[in-house]
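Colleague: Chain B with the ligands: place on chain A using the hints.
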Amino acid sequence: MAILSLIDVKKNFGATEIIRGVSLDIVQGEKHAIIGPNGAGKSTLFHLISGRYNLSAGSIRFKEQQIENKPPYEIARMGLARSFQVTNIFQRMSVFENIRCALFWSKGYGYSFWHLLGRQTELNDEAMHVLEQIGLTEKAKFPSGELAYAEQRALELGISIASGAELIMLDEPVAGMSHSEAQNAVELIRKITEGKTLIMVEHDMNIIFDVADRISVLVYGEIIATDEPKNIRANPKVQEAYLGEVHSA
Amino acid sequence: MALLKKSSIWIAFIVALLGLPLLFDSILAISILNQMVIAIVFALSYNMLLGQGGMLSFGHAVYFGLGGFLSVHALMLIEFETMVFSILWIPLIGGLFGLLAGIFIGSFSTRKAGTVFAMISLGIGELIAASSLIFSSFFGGEAGISGDRTFGPTFFGFDFAQNIEIYYVAAVWAFIATLFMYLFTQTPAGRMANAVRDNPERAEFIGYSSRKVRFISFCASGLFAGIAGGLFALNYEFITEENLNAATSGRVLLMAYIGGLGYFIGPIIGAVVLTLMNSLLSNYSELWMLYLGIMFLLTVMYLPRGFAGFIMMHQLAWVRGNMKLLIKPYLVTTIPALLFTLCTIALIEMSHTEDEVFHYLGLVLNPASPITWIVILAIAGGAFYAVKRSLLQLNDAWETANAIPKEEET
Ligand SMILES: Nc1ncnc2c1ncn2[C@@H]1O[C@H](COP(=O)(O)OP(=O)(O)OP(=O)(O)O)[C@@H](O)[C@H]1O
Ligand SMILES: [Mg+2]
Chain A
703 MAILSLIDVK KNFGATEIIR GVSLDIVQGE KHAIIGPNGA GKSTLFHLIS GRYNLSAGSI
763 RFKEQQIENK PPYEIARMGL ARSFQVTNIF QRMSVFENIR CALFWSKGYG YSFWHLLGRQ
823 TELNDEAMHV LEQIGLTEKA KFPSGELAYA EQRALELGIS IASGAELIML DEPVAGMSHS
883 EAQNAVELIR KITEGKTLIM VEHDMNIIFD VADRISVLVY GEIIATDEPK NIRANPKVQE
943 AYLGEVHSA
Chain B
2 MALLKKSSIW IAFIVALLGL PLLFDSILAI SILNQMVIAI VFALSYNMLL GQGGMLSFGH
62 AVYFGLGGFL SVHALMLIEF ETMVFSILWI PLIGGLFGLL AGIFIGSFST RKAGTVFAMI
122 SLGIGELIAA SSLIFSSFFG GEAGISGDRT FGPTFFGFDF AQNIEIYYVA AVWAFIATLF
182 MYLFTQTPAG RMANAVRDNP ERAEFIGYSS RKVRFISFCA SGLFAGIAGG LFALNYEFIT
242 EENLNAATSG RVLLMAYIGG LGYFIGPIIG AVVLTLMNSL LSNYSELWML YLGIMFLLTV
302 MYLPRGFAGF IMMHQLAWVR GNMKLLIKPY LVTTIPALLF TLCTIALIEM SHTEDEVFHY
362 LGLVLNPASP ITWIVILAIA GGAFYAVKRS LLQLNDAWET ANAIPKEEET
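So the protein lines, in turn, are chains A and B. In short: position in the first sequence from 1, add 702, done, that's my numbering. In short: position in the second sequence from 1, add 1, done, that's my numbering.
The shape of chain A in the complex, shown without the other chains (with noise of 0.2 Å):
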């Protein structure tokens, strides 16, 4: 059962077309990830899906409906949850709030203005448990925009998950992080994302064959092949435009 079909998806920035028709079933339940070059594409793809920008032609359906050209919030209320590659979370507001309003939505509060939050206990516990699961308990009460890189990115991972989206998209989500760390939240998202889908962007060729079920190789917005990893990893024409190129660098 495809949760997420993507049916001759083209976008272009005026002139220069950076996705070229891609077509891509993600299957309910499955661990997908992403893999290409540098400006292949993949944060464009995931822009196009979330909402963030419009396509130019082709159709996404998620859960069996349209979504092309749907705003990002009403997207997102489907269900679908994303993080982003360059840190985006509210950085005047502390750690705690940042989680905190990623629930709201899910949690059904919407645009209350008579819920007070001090009396929200189950919310209010079910952030301090976000925090606990991306290590930043400690650090509830500190401002975001003050956080270190690393404790950033655990940030703009803990508001992607929080609100238990069943579509998953994390693009590089471990960029930039020490090797430990890395691991830790590579742990987390497979926790996480456990009954769950996941789309994952990612560079590190060990995280995606340990963590992905199947992998898409986009190349100069084209998906040159779908596959499980260990037939991408004898792929040819995916050594050729990729793997090789990855491995000469």
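Simulated from the structure, these hints should not be mistaken for lab results. Just so you know, these numbers come straight off a predicted model, no measurement behind them. Where is the CB? At the ideal position from N, CA and C, for every residue including glycine. Accuracy of the hints is not assured; some may be wrong.
[Claimed, not checked] If you want a taste of the chain A side facing chain B, the calculated C-beta under 7 Å gives, among others:
{"no.": "1", "residue": "P774"}
{"no.": "2", "residue": "A778"}
{"no.": "3", "residue": "M780"}
{"no.": "4", "residue": "G781"}
{"no.": "5", "residue": "N790"}
{"no.": "6", "residue": "F792"}
{"no.": "7", "residue": "Q793"}
{"no.": "8", "residue": "R794"}
{"no.": "9", "residue": "W807"}
{"no.": "10", "residue": "Y811"}
{"no.": "11", "residue": "Y813"}
{"no.": "12", "residue": "S814"}
{"no.": "13", "residue": "F815"}
{"no.": "14", "residue": "H817"}
{"no.": "15", "residue": "L818"}
{"no.": "16", "residue": "L819"}
Modeller: Only chain B with the ligands this time, still in chain A's reference frame:
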């Protein structure tokens, strides 16, 4: 415990609101207190936009003024017995009209924050101010409109002829409004306003339309500005175009900014300080607007987080029990700073005065004599030098007071 600490601030607020007119009971004092509580509500409502929602408005007086105009109309309705209700409800009418205006204008102006929002607010402000002169049946042209608050049913025998009676009405409304504005910050909509202020894009990816979040804050802000306008109408019993034009919008921005946008209490401090300066300084000098401007500049340059931010800066030293280390250096800096300020004021006033003699702080100065100028300039120079020296000491003391104690370091 935390609850006790929180409610103690509110109790202090109530005590101050109720007690101040007992301490300061002259006619002038009551009139200043009235302006103060009105300004507090108005400035707090402004901060819902700028401090909490990241919307820089140059036209916030529109909601204050419209609320005020409708309130004066309501006073007239009561006066001519078209309707019978107590004037106690007038601020609510002002608030509802402010809310309506907020819903209408916010429906398109909150689409974007930043420069676009600021420019739209400026445009709307000019538009409404101009319209108020054109549609004189509602706005009364340049003279404005006036009412009389002593009609309508009395309240336990009070007919509200006295300013002090209105003060207590205003104080109760101000308390209610302040409490609700505070509670708003403690709700999901209030928190999301902060989130959208910080990062409107990310807010959309956690399920919120930034535009709708801004719209809700904007409407709430219109409501409370309208309440402040209603209080103004009750207090002065008249209202003119001046109360909804750009000058009034500028003043409320100034209050919130000087007080400190980042703190709930900031605009309250700003409202109190500016109302005092407005009413007291204007008694002493024609140039009070100039001093206000200078103060604004200095605050923006040296206290970017406002008076509230300045006070909160001392939290760490306070917690560490090191405030006593700061008292002496503060005094040593303040005294020459005060002297320098007084000399500067003397120089400004002397260049402005057309009189032969200039009375200043009990002294009789001769503005025509170069010696007067030289002496004052010399004192100012000396004081300036002393300030610069003592600032170094203050800086050292500051670092000691905030330093991490030895035992904590390890
Ligand atoms: N808003 C935009 N306007 C114009 N060009 C863009 C825009 N966003 C991305 N691009 C271009 O699209 C191409 C793909 O960018 P994208 O960020 O999607 O690559 P990526 O695969 O995520 O690369 P990386 O591994 O470096 O993150 C790049 O050449 C980039 O310059
Ligand atoms: Mg990218």
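Colleague: Can you verify the interface hint for P774(A): is its Cβ closer than 7 Å to any Cβ in chain B?
Modeller: Where the cut-off is 7 Å and the nearest Cβ of chain B is about 4 Å from P774(A), the hint holds.
Colleague: Please check whether Y811(A) passes as an interface residue: C-beta within 7 Å of a C-beta belonging to chain B.
Modeller: holds, 4 Å
Colleague: Tell me if L819(A) is really an interface residue toward chain B, meaning its C-beta lies closer than 7 Å to one of theirs.
Modeller: holds, 5 Å
Colleague: Regarding the hint that N790(A) lies at the interface with chain B, is the smallest CB-CB distance below 7 Å?
Modeller: Holds, about 5 Å.
Colleague: Quick one, is the S814(A) hint okay against chain B at 7 Å, beta carbons?
Modeller: Since the shortest Cβ distance to chain B is 5 Å, the answer is holds.
Colleague: At a threshold of 7 Å, is the proposed contact between L818(A) and chain B supported by beta-carbon distances?
Modeller: Hint on L818(A): holds, closest Cβ of chain B at ~5 Å, below 7 Å.
Colleague: Grab the minimum C-beta distance from R794(A) to chain B and call the hint holds if it beats 7 Å, violated otherwise.
Modeller: Status holds, d = 5 Å.
Colleague: Per the CB criterion, is Q793(A) less than 7 Å away from chain B?
Modeller: holds, 5 Å
Colleague: Hold the hint about G781(A) up to the distance rule: shortest CB distance to chain B must be less than 7 Å.
Modeller: Given a least distance of 10 Å, the restraint on G781(A) is violated.
Colleague: Next item in the hint list is A778(A). Is there a CB on chain B closer than 7 Å to its CB?
Modeller: holds, 4 Å
Colleague: Does Y813(A) pass the interface check with chain B, least Cβ-Cβ distance below 7 Å?
Modeller: holds, 5 Å
Colleague: Can we keep the M780(A) interface hint, with Cβ of chain B closer than 7 Å?
Modeller: Constraint on M780(A) not satisfied, violated at 10 Å.
Checked against the numbered hints above, the structure breaks hints 3, 4 and satisfies the rest.
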